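Just so we're on the same page, the numbering used here is the position in the sequence shown counted from 1, plus 206.
Hints are computed from structural coordinates only; laboratory data are not their basis.
Worth double-checking, as some hints may not be accurate.
[Said to hold, decoys possible] With a cut-off of at most 20 Å between alpha-carbon atoms, the simulated SDA-like pairs for lysine to any residue come out as follows:
hint, residue 1, residue 2
1, K316, G370
2, K402, D352
3, K402, P384
4, K256, Y361
5, K349, D381
6, K213, K235
7, K316, E303
8, K213, D381
9, K208, S434
10, K256, Y280
11, K284, D260
12, K402, E433
13, K349, A371
14, K208, K402
15, K402, T210
16, K309, K256
17, K306, K316
18, K235, K354
19, K256, K235
20, K354, L401
21, K284, R312
22, K306, E344
23, K284, A270
24, K349, G370
25, K213, G370
26, K357, L401
27, K402, R312
For clarity, every value in this text was computed on a predicted model and none was experimentally measured.
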Amino acid sequence: MKLTTMKERLTGNAYPGRGIVIGKTADGKKAVFAYFIMGRSENSRNRVFKEYGDEVRTEPFDAAKVQDPSLIIYSPVKVVNGDVIVTNGDQTDTVEEALKAGKCFRHALKRRRFEPDAPNYTPRISGIIHLAGEYAYELSILKCADGKGEKCNRYFFGYEPINGAGHFIHTYISDGDPLPSFEGEPEPVVIGNDLKAFAEEIWQSLNADNKISLYCRAYDLASGETESVLFNKNEQGAE
């Protein structure tokens, strides 16, 4: 498996959209994930991430400017019984409900489709980190199959973590009109030991005009202690 850095993956790509990275630190001690959002419209750009305990929510930066909250306001991160859910939409709630009912990640997402934002039909990307017992993680993407918004392909990927490595999935290949959906398997990437440095690498590599927010969290696999890093472009000091 050939690994590339997040800097290499992101630099020069004006619009990968929203992205999820999950993996393990190089020393093998921590599970790590990152989630970022980007936007081209004023409505999409009018957002920040807020942390509420284990949960992360998107919220309007300026409530007076909100045009349509349906696809931009949601909880990208929730935790249920040792499972960490990370998604790019309200399917976080679908997975949460399934887990509480004794169902699984895949069962939940088989009930969902890509976003109804023709002509882009933005894929729903989702991840889950299993921390109870032996650490493992899964990623998924739900994509429009026919270009008309009628058929959906659902892809699932399961991983046994490797020290110093993770997998990166994002909604779009690059900018375009309509936006071209992500293709292939999640991309293998390098993950070091320093969460702040990892977060800085992602944030500084995202297109300066289109990036909005980034959230990263690490879980110590022995103690359960957490560390998080959050960047919001719409707050002073986030460059």
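We went through each hint and held it up to the structure:
no.	hint	verdict
1	K316 x G370	violated (31 Å)
2	K402 x D352	violated (40 Å)
3	K402 x P384	violated (34 Å)
4	K256 x Y361	violated (29 Å)
5	K349 x D381	holds (17 Å)
6	K213 x K235	violated (23 Å)
7	K316 x E303	holds (13 Å)
8	K213 x D381	holds (18 Å)
9	K208 x S434	violated (27 Å)
10	K256 x Y280	holds (11 Å)
11	K284 x D260	holds (6 Å)
12	K402 x E433	holds (9 Å)
13	K349 x A371	violated (25 Å)
14	K208 x K402	violated (24 Å)
15	K402 x T210	holds (18 Å)
16	K309 x K256	violated (28 Å)
17	K306 x K316	holds (16 Å)
18	K235 x K354	violated (45 Å)
19	K256 x K235	violated (27 Å)
20	K354 x L401	violated (41 Å)
21	K284 x R312	holds (16 Å)
22	K306 x E344	holds (18 Å)
23	K284 x A270	violated (27 Å)
24	K349 x G370	violated (29 Å)
25	K213 x G370	holds (15 Å)
26	K357 x L401	violated (39 Å)
27	K402 x R312	violated (31 Å)
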